[in-house]
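Asker: Let the hints inform the model, and build the full structure from the sequences given.
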Amino acid sequence: MSIPLGHYLILSGILFAIGLCGALTRKNAIIVLIAIEVMFNAGILNLIAFWHYKQFAVLTAQMFAIFAISIAAAESAVGLALVIAIYRHYRSVDVEEMKSLKG
Amino acid sequence: MNAAFWIISAITLVGAVLAVTLRNLVHCVLSLILFFLGLAAHYFLLRADFIAAVQILIYVGAVAVLILFTIMLTRNVTGTEGPREVLGGKWWAGAFIAAVLAVLLCWAVRGDKIAAALSAGDKAKSSVVEIGKILIADWIVPFEAMAVLLTAALIGAVVIALEEIRRRP
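Note that the protein sequences, when read in sequence, are chains A and B.
If you want this note's numbering, it's the 1-based position in the first sequence plus 7.
If you want this note's numbering, it's the 1-based position in the second sequence plus 791.
Hints are not guaranteed to be accurate.
[As the list claims (entries may be wrong)] Partial chain B-side listing against chain A, Cβ under 7 Å, derived:
| # | residue |
| --- | --- |
| 1 | Leu821 |
| 2 | Leu823 |
| 3 | Leu830 |
| 4 | Ala832 |
| 5 | Met863 |
| 6 | Thr865 |
Hints were generated in silico from the structure; no laboratory data involved.
From the three backbone atoms N, C-alpha and C, an ideal C-beta is built for every residue, glycine too.
Answerer: Laid out in structure tokens, this is it:
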């Protein structure tokens, strides 16, 4: 008896919800970026699970996963550079203090 | 196979929960590494061994170290403050939205006939040779675009993180 696909989908959904909860509730910008990484990885787990269960000979899902991982790496590099720049400007990484654009 | 899934899932979930709830930022990154390693084990279990290796190399090797460097370059990270300093103003709204999303996703997956009809594939195979061939044959344009994107992201990150140039004389 092997694991059905639904288990992987539910695991991925729960991981995504955990990441969303972290991104919406925490005040530290670095933790928000960490939570976004968690959400990214939950999505990539979905790709690989579907690839495994469809028994596809083609590797399209793996290509998508590779490109998604690359984009996530670029995104986190730019995001962390932004955090450093914001810290230099505000002397804080608290997302609630970044309200210069608030009307 | 079954037991491996449950054990690795438990490790992954614990890592994810700790990564977004702990106070100390360094502990958060260590939990995040646990989460990444759990996902890599899942990929090994799903026979996507190249993706698992990439996951360990890029996430554990690059992204986690990058986050640690950012924590070093910013201050006040020790996490001795209370919950009021950790959680945002309307944190209960965010937690409620995340809980609703989790319930909706589980409900949607449980009622899905297509996902239930698929069974585990023993035919699912992937070799690094095949991935390399398909990457420079069918996927060459996205591959080159990704190279340009990574270069742009590298230069952009350096420019953004540079010191602000003082325009005043």
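Asker: For each hint, tell me whether it holds in the structure or not.
Answerer: Hint-by-hint comparison with the structure:
At a threshold of 7 Å, the smallest CB-CB gap from Leu821/B to chain A is about 11 Å, leaving the interface hint violated. Interface restraint check: Leu823/B against chain A, minimum CB-CB distance 5 Å, threshold 7 Å, status holds. Given hint, Leu830/B at the interface with chain A, holds; its Cβ is 5 Å from that chain's nearest Cβ, closer than 7 Å. Hint status for Ala832/B: violated, given a least beta-carbon distance of 11 Å to chain A, over 7 Å.
Interface hint status for Met863/B: violated, as the beta-carbon distance to the closest one in chain A is roughly 10 Å, over 7 Å. Taken as an interface hint, Thr865/B checks out: its beta carbon lies about 4 Å from the nearest beta carbon of chain A, inside 7 Å.
Hints 1, 4, 5, counting from the list given before, are not met by this structure.
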